Amino acid sequence: MLLILSEPGDVTVHMVLPKLKARGVDVLWWDPGEYPADARLTARFDADGTRLTLARDGEVADLSTATAVWFRRPGAPRAAEQVTAADLRDRVGELSEWFLEGLWDLLDARWLPGREPVLRRAHNKLVHLALARKLGFAVPPTTITNDPSELAPAYERAGGRLIAKPMEHTPFQIDGEAHTVFTTVVERRDLVGRSRIAHEPTILQPYVQKAVELRVTVVGDQVFTAEIASQDSPRTRDDWRHYDFDRARHSVHHLPDDVARRCVDLVAALGVSFGAIDLILTPEGEYVFLEINPNGQWGWIEDLTGLPISTAIADWLTAGETDPR
Amino acid sequence: MTQSSLGPALESGVNLLRGLTRRRSAVAEAHRTADEWATAHPSLAAQLVASPRPGSSLVDYDLLIEDPSGGTIMLCVQADDGASWLVDHATHWAASRLLTVDGTPVSVSEAMLMLRSLTRPGLSPQDELVRFCLLRDAAAKEQVSLYDIQAAADGFRKRRGLTSRDTMREWLDRMGLSAEAFHDHMAASARDHRFRARMREELGPGHLARHPERFARVWATWVLSEEPIDVAELDGSLGDRWDLRLTRARTWSGDLPAPLRETPAGGGVGPVSHDGRFLTGLITERQEAVADAETLEAAGQAAFDQWLADAAKRAQITWHWL
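As given, the protein sequences belong to chains A and B, one line each in that order.
The first sequence begins at 1 in full-length UniProt numbering and counts up by one.
The second sequence begins at 1 in full-length UniProt numbering and counts up by one.
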């Protein structure tokens with residue numbers, strides 16, 4: 001059985017699901033966000049061994065039969081509506097997380113992209129930037145700091161072309177409205193805000209000139225590279241996550257073998273089976289590593305380029321049905 | 001101002017900047033406060049510069065003052081309000097969006113592309129944008145060939161007189177579009193065309209069967225006038241009457257002014273009050289609806305317009321900045 005952990009309505013799962021069904025494997029798509037409010041999980045240890053069961057909607061599944069787990073976008077545990085006190089809801093959430101962590105640990109299965117602690121480590125920019133350098137990627141000179149006195153020297157070292165970006169994207173509001181932090185070019189007048197650097201770790205890098213940006217999706221040892229013409233739109237010039245599909249076109253790119261190999265090696269070295277890697281191709285033809293998201297989105301890449309990523313994921317997930325682990 | 005008074009002036013200027021609210025909504029108030037400060041310090045020739053940040057509600061202020069030794073001093077202050085540098089440079093979640101229709105966001109640049117294609121009279125640009133979005137999403141799965149895309153591009157260029165390579169290139173440059181982006185735009189246009197054609201074909205017969213009274217062919221004459229006109233005057237003896245609008249047309253009964261729609265052949269109507277004026281009309285000939293190609297096409301178009309209007313009524317629409 002394949003276990004898919006993701007929120008209901010996840011369109012990316014729907015891209016893979018028909019391919020899994022065509023391969024004739026049993027699939028259980030479950031959202032841990034149902035637990036404990038609308039699902040019952042039981043772990044039983046006795047002389048016969050360990051039994052891990054999930055009961056929901058009148059059906060019981062034996063999770064220990066899972067040969068592969070796709071840890072896509074699972075929801076956070078949710079207390080039942082009757083639990084109204086905030087501290088009790090927090091307690092339910094915390095204990096549920098503990099239980100789920102243990103449960104996932106007991107599943108003797110292949111994980112895509114990986115188990116949660118491995119994913120957290122792989123997602124950490126300190127970890128993967130250091131590893132990328134070690135593997136021979138070109139990485140921009142990088143300072144990650146909360147020391148205000150580092151800002152002006154970094155600006156000077158970058159010749160006045162400095163960018164700042166966050167360690168991780170976390171939700172926050174200003175004046176009650178959700179805001180996002182993109183990669184931001186540091187202008188000279190922005191140096192006056194240097195004292196603000198003290199409040200969180202900030203990544204400072206020289207602005208890397210781009211011919212195009214590349215989104216490399218690695219599934220196991222398969223590499224799919226999309227080229228994003230981010231320089232064709234003023235909106236995506238500094239960060240393609242501003243999205244402008246009309247102008248910043250997506251197309252298939254063929255990576256040099258050594259760069260592709262390095263991408264596969266990076267994913268493997270981080271202990272994950274999947275990775276969405278952001279690279280810049282400079283006007284001089286150099287491939288520069290920016291970051292890796294070990295559980296990054298790829299659906300829009302397949303939609304816009306036709307790269308068969310969903311097939312590769314279906315292949316990877318079902319390989320354990322026949323191959324020994 | 002003397003050199004010795006510069007220190008207190010700087011301190012006062014810094015205090016002024018510290019007290020200003022860094023929000024777009026507070027810029028006018030900031031200017032008023034700064035003007036008062038400048039009036040109190042006439043020798044400084046002070047000017048406040050407000051710079052709203054794109055995609056953010058935040059504003060940066062600079063204060064320009066005279067340097068007693070010549071030249072200009074610019075003061076800028078950032079108080080430590082606890083927001084990190086990155087948070088201070090954050091972007092509002094809907095900064096680049098104009099509207100969202102049924103959960104699908106439409107960026108400002110997409111809307112600009114859409115606006116170039118809007119043509120229908122009687123609809124506000126807002127209504128047209130909503131309908132354009134609904135159509136784009138509904139047509140997204142239509143399969144189009146390179147031939148279809150080429151035909152869409154040819155039509156687009158012909159309508160705008162972009163017939164030569166140079167005029168086309170110039171137009172693309174002016175619009176900030178690459179050739180590839182234009183190709184994508186034309187592919188969307190071809191999908192839209194195919195979707196409309198398919199819907200017209202699918203919806204036409206049913207619509208005609210439900211509303212045959214709207215698709216009788218009629219030969220009609222009618223006038224809209226400020227003063228009443230008798231039906232008998234429509235025989236060509238309108239004489240010196242110029243305060244009217246005369247229409248003589250072969251059309252569908254459903255497209256006639258409402259008072260004329262069910263009038264039989266040879267019948268007249270009016271003068272009756274209509275749209276704030278007087279209507280007088282005559283039906284010369286009337287052929288009841290038949291399901292021929294021309295009638296089905298007209299019924300399909302009417303059904304499609306109705307489908308789109310209903311979809312627009314049902315759509316969840318959020319205008320982010322209106």
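No wet-lab data here; the hints were simulated from the structure.
This structure is a prediction, so every number in the text was calculated from the model and none was measured.
The reader is advised that the hints may include incorrect statements.
Calculated from the model, a selection of chain A residues having no Cβ within reach of chain B, i.e. all distances over 12 Å [said to hold, decoys possible]:
#, residue
1, 180
2, 192
3, 197
If the Cβ cut is set under 10 Å, some of the chain A residues that face chain B in the computed set are [said to hold, decoys possible]:
#, residue
4, 149
5, 153
6, 156
7, 202
8, 249
9, 251
Cβ coordinates follow ideal geometry from the N, Cα and C atoms, glycine included.
Here is what the structure says about each hint:
no., hint, verdict
1, 180, "violated, 5 Å"
2, 192, "violated, 5 Å"
3, 197, "violated, 5 Å"
4, 149, "violated, 13 Å"
5, 153, "violated, 15 Å"
6, 156, "violated, 17 Å"
7, 202, "holds, 6 Å"
8, 249, "holds, 5 Å"
9, 251, "holds, 8 Å"
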